[in-house]
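**Q** The residues making up each chain are set out below.
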Amino acid sequence: MASLSCSPADLAQFFGPNTTNSTAAATYLCDQFTAVSNKFVDTNYAIDTTYLLFSAYLVFSMQLGFAMLCAGSVRAKNTMNIMLTNVLDAAAGGLFYYLFGFAFAFGSPSNGFIGRHFFGLKSIPSSSFDYSNFLYQWAFAIAAAGITSGSIAERTQFVAYLIYSSFLTGFVYPVVSHWFWSADGWASAFNKNNLLFKSGVIDFAGSGVVHMVGGIAGLWGALIEGPRIGRFDHAGRSIVLRGHSASLVVLGTFLLWFGWYGFNPGSFNKISVAYSTGNSYYGQWSAVGRTAVTTTLAGCTAALTTLFGKRILSGHWNVTDVCNGLLGGFAAITSGCSVVEPWAAVICGFVAALVLIGCNKLAEKLKFDDPLEAAQLHGGCGAWGIIFTALFATKEYVSEVYAPGRPYGLFMGGGGRLLAAHVIQILVIVGWVSATMGPLFFVLRKLKLLRISAEDEMAGMDMTRHGGFAYIYHDDDDLLKPGIQLRKIEPRANSN
Amino acid sequence: MASLSCSPADLAQFFGPNTTNSTAAATYLCDQFTAVSNKFVDTNYAIDTTYLLFSAYLVFSMQLGFAMLCAGSVRAKNTMNIMLTNVLDAAAGGLFYYLFGFAFAFGSPSNGFIGRHFFGLKSIPSSSFDYSNFLYQWAFAIAAAGITSGSIAERTQFVAYLIYSSFLTGFVYPVVSHWFWSADGWASAFNKNNLLFKSGVIDFAGSGVVHMVGGIAGLWGALIEGPRIGRFDHAGRSIVLRGHSASLVVLGTFLLWFGWYGFNPGSFNKISVAYSTGNSYYGQWSAVGRTAVTTTLAGCTAALTTLFGKRILSGHWNVTDVCNGLLGGFAAITSGCSVVEPWAAVICGFVAALVLIGCNKLAEKLKFDDPLEAAQLHGGCGAWGIIFTALFATKEYVSEVYAPGRPYGLFMGGGGRLLAAHVIQILVIVGWVSATMGPLFFVLRKLKLLRISAEDEMAGMDMTRHGGFAYIYHDDDDLLKPGIQLRKIEPRANSN
Amino acid sequence: MASLSCSASDLAPLFSSNTANVTAVANYLCTRFDTIANKLSDTTYAIDNTYLLFSAYLVFAMQLGFAMLCAGSVRAKNTMNIMLTNVLDAAAGGLSYYLFGFAFAFGSPSNGFIGRQFFGLTDYPKPTGDYSFFLYQWAFAIAAAGITSGSIAERTQFVAYLIYSSFLTGFVYPIVSHWFWSSDGWASPTRTSDLLFGSGVIDFAGSGVVHMVGGIAGLWGAFIEGPRVGRFDQAGRSVVLRGHSASLVVLGSFLLWFGWYGFNPGSFLTIAKSYGDGGSYYGQWSAIGRTAVTTTLAGCTAALTTLFSKRLLVGHWNVLDVCNGLLAGFAAITSGCSVVEPWAAIICGFVASWVLIGCNKLAEKLKYDDPLEAAQLHGGCGAWGVLFTGLFATTSYVNEVYPGQPGRPYGLFMGGGGKLLAAQIVQILVVSGWVTATMGPLFYLLNKLKLLRVSRDDEVVGMDMTRHGGFAYAYHDEGDQSIKHAYMMGKIEPNIETPPANHSLPSADV
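Protein chains in written order, with full-length UniProt numbering: chain W, 1 to 496; chain G, 1 to 496; chain C, 1 to 510.
One chain only, chain W, in its complex shape (with noise of 0.2 Å):
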């Protein structure tokens, strides 16, 4: 590369009266512009990539949320169980987006469906995808699988859980992501020609993609295992069972707030992006910012709606219903979060808490049960999310963001055109989970794969299957007694 120094002796030379150096200082002078133009853009490269980077570890710090949350939530004989689903998401997810997820969602050239390129990374790096947005696209697609073992917990084979899991990450969540978010995809809203309403579907981070997906296996799943033994009592009375841990889930419930920041304003991908508005000190980085706002106060709301919603309805100031309040405002809000005013984010977070309200009551009646809500939370909010931003989204800020003449919300008088598309992806995306989890389910419980003899259920997954309980914190060091240590640690006695 030419560098940028510059001499004045050197170039003082060619501005001599004599026309014949014109040449020559004009090439001197555009050495110059050149240098510093290639180091522009390396500078962006490394601005953005290091933004994106920070961004995905953000993410991947959700899955310990995720791990922490499920583990609080679910009884303590189940703990080691659950942990081990978390931590499998993330492990063997990581191998199976590499090998191809990562080409369904994102390969291109490719047709609307299906991507079919960079198979095991091959071409990568080029000139539109580096590794660290595969790392950061990784992190979001083990989050769509974290959602839906939290919806079959405590009752479902460890075996059953490997093949959906393998089957969600590998194939229907990167296909939904490349509908929606790959520039091939035939609803994204980065489709250079034919989209979809004029429109395309304003999915910023994955109200749809990610929560709806994941919430809607795990509907599918809980469904069709039905509820846990002793969840509704012969009356048909509701029952809770509770998690065995609160602090595990406000830890958890943090630690996913903490990756949201990741997750949502990391969606812009890049942060060193001007705006051309005439403000200079206005661009994609206030545009990330104004993100990380919108999320905290639908969070936020959503929160305190549902502090004072269920202290009407249920007489107590109950912190995991908050947590979830919570996670149900950030859940809604993801779909919007870049294209909505601060504001109209509080409105999101305030209806999502009583969509979450609604939905629990509903899945009471129907005696669904969702050990974590995922299905609920994710699945109802979510919905609501892409709805919202439907209605809600400005115009400036869809043109900054997408591009500038698309369609935007109907109550900020945009039209409709946004709102069908936004139904159209709903619609899909129940659909094709539907259609490809439904079966898998069914096929499971048919081979007899998906559910844990009733005998398994009461002992609890991790004293027949994982080797022994979670905690042991009254071990009472009578080593030299080994038949009562053994009776003591592990109730059961009968392995460890």
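Derived by calculation from the structure, the hints in this document are not laboratory data. Some hints here could point you the wrong way.
Once the Cα atoms are required to be at most 27 Å apart in a straight line, the calculated DSS-like pairs of lysine-lysine come out as [said to hold, decoys possible]:
#1 K270/W <-> K192/W
#2 K270/W <-> K361/G
#3 K273/C <-> K270/G
#4 K270/W <-> K273/C
#5 K395/W <-> K270/W
Based on the hints, put chains G and C in the right spot on chain W.
**A** Positioned in the frame of chain W, the structure of chains G and C alone reads:
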């Protein structure tokens, strides 16, 4: 600072037909370019420091990961003890590394064996080291001490811990990092002249420098102390002394995973560096992303391998084993993460899992007791990682990350010189750590400062040394009977 | 925007000897330089916002740290309660800070006492601040409320908590931060004129603005409520009511440490800023690194000092005390972190540890009960930190960090005279006075209205049972009614549904 504002009127004056102004014109333009160039220097410092600092914060979060992993892996009665050691690794490490550790490691100019400048951060910042470099290296140094504290957990006197920890962080580890990472080190790949085998050792983020040092120090400590009471019964059979909380183990493992994204990709130190490859989109930012990907894939593969391997061997799907396997994969890839292809990382992780299983079998046979498998994991898998790098390093990446024309991986056609250097590294680290830490532990034992008494070990160190048990879940609210309450809460009564 | 592409064949003809083209040449070149200047400005914005946003995320992680620290430090029966307050600090704080807190604090232009622009983020972003700045300041505001909730833990009605928390985050704290951090604030060092004592108060990241505010609010709350039942026995001896989980305390402390790297170095707000002419390795990025180092060293020293002094005083190597000592060092260095040398940070941490030990002794003597030692830690060590800055701030760092007004006063011990110290003392007095004048009456009024403290029965049973829908932990599952684990069931939650009736099964836990 020269400003970048450019006035056509001013500039035009110089471009008259008379030659007298040519110098002025040239100076004007060159001042502009100098200002641009300085701005770029500033910008790059800002980007690189941002990158390095946040990486350092991530590496620091590994200390939290270690604390939780250790806490969960020991029995409840020793939790306070092990957590205290982890807090102190960071705290005492901070002071020692500030006072002399950093000077021993990176003080320059110096001889090949040990550095001797920058005590107490004197003459920092300089053009080669900024405060952020110190912070980053400190976070590495405390990680090494954290590894060792796992090996000798549950039976070591606190005073012994204070002594070995200071010695390790303040002297043993800095010297090793000087050899392999300082530009003056005798085996460093950054050495300007006299490269070892014309290659130098490529231990990018420290499979050898950090993990083997910590692991081998732990090996000697655990060997000299002998196994915990009850770890092997009278017949010599191995009895698993399970940790008290799998949730903490999973929490710690995920936090380590999170922090490893600072450990490996962060070891580039700078992200805003262009590679002269002709592809403008490809630069150090891509290499950083690739490093994050190889790290992820190695860990994921090792976790899956361990899952199925342990299922076959022991019949359980065990989450703590999977966590250890995952960490084994990370420890192994740490050396070569920046210079291997993603597919090679999969091989690295696969073998690392087998190495760990093999080391554990061996340890059991030899009646070696390491509560966290730290010696096996960090020592064994670390050594494998060093070998792996010498086998799979690609020519292209070595020339980008280090320098063109260096020897590269044996299996990639680069000859055996890199492998020779790496074998030397393993031998030298084993030798140096054994020669320093071995005698230290031996002397401590002779002075009866190493191991706690059998009674203390049975009762747990928390009761006898650390002011009480870590958990009180059932505080029985007999506040109306304060006499009893006293007895119960102050754990001298050995009751709760 | 004009492009940077330059074509020699276009430019060359312009360099002919006739003067007509001179303007064209100059324009051609100057447009490119303008473009470069704009691009550099964009780049700087991108870097600075990246830096500030991730710092804000780190500061937010402190809220998680507070939650875990508080949860571990209280007894198991109040865990749900304290965690709920921590979640709500963040959630309610988010809304109230959005609606008016940020406006009170940083609304500009305004008077020296309170801001009055940017309600609900209207007319935002501005050249002076972007959304990322709001997010960063929000994360600070909720930290202050988090401190206070620790002081009054285990005995406060939830409604009282809701009231004081909104008041603190929405009004008391924003005003203090306006005084010391807004460029309009009467005591701010970034004022363009009329600096207090020609210096202004250097409270870089908020030993006074955040920690003392939270600590003193907690002091009044805990003082007015009185100690927990059982904290001092009939003879007046102190009885330690230990928290239920040391693991959570350590987890929380480490997370706070992690987050403090956003709190202190992040307070620079920008990183892409050269000192002097630029082109040198030394700039704001170095100052940020130094700040991270001073922060680390102060905390480390305080932790080690606490370890050994507690060993001498009590005879135990106690991890909980070490964690508190660590945090004390951090709270103290927060004020001066950017303007002192690393060696001074060691002194800061050393003294902070003794300040904390002294405050705790004093609290015990006065029968003052603070479950998390928050008033002592954040109030006491925060005050020490404010003084420390007045003593050890170096002249070169003060001028780099607070540029534009050469010849500022700096630390007394560094030869900078007493004006900075005077300003710092004024800060301590003013913060104490203001928080006392606002929060004291509030807590007093709540007490009079019987809204402050829970009933004795509730306190004994634990608030989780009575107010929050149940105990936080169920390690021994009672859900499976069908299997007979009578013995286990007894053990588990002695009183899951039925309050005090059979809650005392002391022998149950082995």
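**Q** Does each hint hold? Answer for all of them.
**A** Taking the hints in turn, this is what the structure says about them:
Our distance criterion of 27 Å between C-alpha atoms is met by K270/W and K192/W, whose separation comes to about 20 Å. A hinted pair counts as satisfied when its Cα atoms are at most 27 Å apart, and K270/W with K361/G does not qualify at roughly 48 Å. Simply put, K273/C and K270/G have alpha-carbon atoms about 18 Å apart, close enough for the 27 Å limit, and the pair holds. Taking the CA atoms of K270/W and K273/C, the gap is near 21 Å; set against the 27 Å cutoff, the hint holds.
As the CA atoms of K395/W and K270/W are separated by approximately 21 Å, the hinted pair is consistent with the 27 Å bound.
Of the numbered hints given earlier, the model fails hint 2 alone.
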